[in-house]
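Undergrad: Here's the letter readout for the chains.
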Amino acid sequence: MKEFLAFVRKEFNHILRDRRTMLIVLILPVVQMILFGYAVRTEIEHARVDVVGDMSDPEVRRIVDRMDNNRYLDIQEVLPSTGLISSRFKRNEADVAVCFERDFGTRLRKTGTGHVKVIGDGSDPNSAQMIVNYVMGVLRSEQAEISAELSGQESSVAFTPSVQLMYNPAMKSAYNFVPGVMGLILMIICSMMTSVSIVREKETGTMELLLASPVKPLWILVSKVLPYLLVSTVNFITILLLSRYMMGVPLRGSILLLSAVAVLFVFTSLSLGLLISVVASTQKTALLLSGMGLMMPTVLLSGIIFPCENMPAVLQWLSHLIPAKWFIIMVKKIMIQGAGFPYIIKEFCILAGMTAFLLTVGVRKFRIRL
Amino acid sequence: MENVIEIHGLTKKFGNFTAVDNISFSVRKGEIFGFLGANGAGKTTAMRILCGLSVPTSGGGTVAGYDIVRQPEKIKRHIGYMSQKFSLYSDLKVWENIRLFGGIYGLSGKEIAAKTSEILAALGMEDVRNSFVSSLPLGWKQKLSFSIAMIHEPDIVFLDEPTGGVDPETRRRFWELIYDAASRGVTVFVTTHYMDEAEYCDRVSVMVDGRIAAFDSPAGLKRTYGAADMDGVFRILAGRAVRKE
Chain A
3 MKEFLAFVRK EFNHILRDRR TMLIVLILPV VQMILFGYAV RTEIEHARVD
53 VVGDMSDPEV RRIVDRMDNN RYLDIQEVLP STGLISSRFK RNEADVAVCF
103 ERDFGTRLRK TGTGHVKVIG DGSDPNSAQM IVNYVMGVLR SEQAEISAEL
153 SGQESSVAFT PSVQLMYNPA MKSAYNFVPG VMGLILMIIC SMMTSVSIVR
203 EKETGTMELL LASPVKPLWI LVSKVLPYLL VSTVNFITIL LLSRYMMGVP
253 LRGSILLLSA VAVLFVFTSL SLGLLISVVA STQKTALLLS GMGLMMPTVL
303 LSGIIFPCEN MPAVLQWLSH LIPAKWFIIM VKKIMIQGAG FPYIIKEFCI
353 LAGMTAFLLT VGVRKFRIRL
Chain B
1402 MENVIEIHGL TKKFGNFTAV DNISFSVRKG EIFGFLGANG AGKTTAMRIL
1452 CGLSVPTSGG GTVAGYDIVR QPEKIKRHIG YMSQKFSLYS DLKVWENIRL
1502 FGGIYGLSGK EIAAKTSEIL AALGMEDVRN SFVSSLPLGW KQKLSFSIAM
1552 IHEPDIVFLD EPTGGVDPET RRRFWELIYD AASRGVTVFV TTHYMDEAEY
1602 CDRVSVMVDG RIAAFDSPAG LKRTYGAADM DGVFRILAGR AVRKE
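Protein chains in written order, with the working numbering: chain A, 3 to 372; chain B, 1402 to 1646.
Chain A with its partners taken away, still in its complex shape (with noise of 0.2 Å):
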């Protein structure tokens, strides 16, 4: 116990020692934060759309095949009622809903007016704004359509589609970034830097010293990885702040659900360090292999910028790979829409079972090849 501390000791004093590197880590996730802020709007193929209402009705049913035949809505099912809309949006099974009022049919022909509404799941908002967008359009040419062939008797009809977006109805962007940023710090401080401090040892000789002593390398790692955990606590907590009281984004969940996961996710990024660790044999390898190698595909496929929805099969079936990407879910599901552990057993395996076999396979490697 007192060898492992004199470590710990040791690897303390190398990350404070190194201010600048200190600093960049500790500022990282404040610039990101900033810099996500202007994200990029995007689009989406395929939306799941629910529909609430009375599929007798004719006009009802005519509006609802309308949007079936657009290519870029899919209708899932007709609900009952508008109370279990959240909970498909929660299991990501749906991602609008439209709900026609009762009596649809009848009022518009009899009135002119009828009140459809349409609800977006605002947990996503660059895809929510463009989903909704779709579905209003398609709404819009269908009035037009009613009031040409009702010319002859009345002026004409209105529908008033009313939109709302459940969870973010300020239609925020931060909702999006924020759970990306967050997947996206968190993976650089416990993958690079590890793996780089890993690969310096390495690189100075001073590896060789420490496995030539009595210290089991377990306890090498571990010490190693603590100082690590220390910053990205750190972080953690800097990320939550500034989406609470910079960009408003709420924390709806349990934060200890959210901790929980970011845990999971740390060990992740940690195991996914090692591996690189071992297999790079300098520091410059090492953050090659650690930018290009994950940062990027993490940028690029984890659903930050671009929807994972919307890309080519093959994409997604990549996308899949990603670590960042199931607990960036996670985190939205848990921030914006405030699920509990129940809607997120799904992510928190997949996630798990990753961890398990990085982590395996990295312990496993560094023993050999050290």
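In case anyone wonders, no lab produced these hints; they're calculated from the structure.
For each residue, glycine too, the CB sits at the ideal point set by N, CA and C.
Be aware that a few hints might be false.
As the list claims (entries may be wrong) - Taking lysine-lysine and the DSSO-like style, the derived pairs with C-alpha atoms no more than 27 Å apart in a straight line are:
1. 1486/B / 204/A
2. 4/A / 1511/B
3. 1511/B / 1542/B
4. 1414/B / 286/A
5. 1494/B / 1542/B
6. 1494/B / 218/A
7. 204/A / 1475/B
8. 4/A / 1414/B
9. 367/A / 1414/B
10. 348/A / 92/A
11. 204/A / 4/A
Unchecked claim - Take a look, some chain A residues computed to stay more than 10 Å from chain B by CB distance:
12. 206
13. 231
14. 302
15. 354
Please build the complex by placing chain B on the supplied structure of chain A, with the hints as guidance.
TA: Chain B in isolation, oriented as in the chain A frame:
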């Protein structure tokens, strides 16, 4: 005389390549043993096995009375190791490096404090106690490295080309440390490229192509090969190598 290292039929293969090919030798307690060989002759591989850093493909032996295959952890407690590259932490201060390695080898706080003053006094480095190791000249770093490898008073100290890149005068002073250690009964196992250093050893072995081609005192080797100095001996032996670096 008591042997602290006894090796029989040690072989290490990497795929089809036999880095160390069936070597056997022994080292006596308290002697300065020179482990010579050209680059790629297999001496670093052999030394790593003796230090418990690597497992032999076949063969075995004992180091400091412990089995190199079954008890590498025990061996690690009883040996000191100084690697080829200068390897202390340059972003830690002199005393912090001493404390770190003292801690790694399980010394108590009191022992570490005593060792720190002892080492600094012996090296005349009290003034740089609080300096970062990065600011020291290479010769000082090497001497500090050696003293730190000895901090837990090991039975054997392994030095892998300890004096690379410094001038002859600095090398000579480094060897004074080695003699001093040997006089206290510590066995010194040293690899080197400098044949004048080989002359300082009690006995040397010369590795060629993974095998031990010669094993004797420097004087004995010079007689056998009719060479004026160890440099001559080494040229004759290394000239027979088939394997390229």
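Undergrad: Indicate, hint by hint, whether the structure satisfies it.
TA: Checked hints:
no. : hint            : result
1   : 1486/B / 204/A  : holds, 11 Å
2   : 4/A / 1511/B    : holds, 13 Å
3   : 1511/B / 1542/B : holds, 24 Å
4   : 1414/B / 286/A  : violated, 30 Å
5   : 1494/B / 1542/B : holds, 12 Å
6   : 1494/B / 218/A  : holds, 24 Å
7   : 204/A / 1475/B  : holds, 24 Å
8   : 4/A / 1414/B    : violated, 37 Å
9   : 367/A / 1414/B  : holds, 19 Å
10  : 348/A / 92/A    : holds, 12 Å
11  : 204/A / 4/A     : holds, 24 Å
12  : 206             : violated, 6 Å
13  : 231             : holds, 20 Å
14  : 302             : holds, 35 Å
15  : 354             : holds, 32 Å
Taken one by one, the earlier hints fail for this structure at numbers 4, 8 and 12, listed in ascending order.
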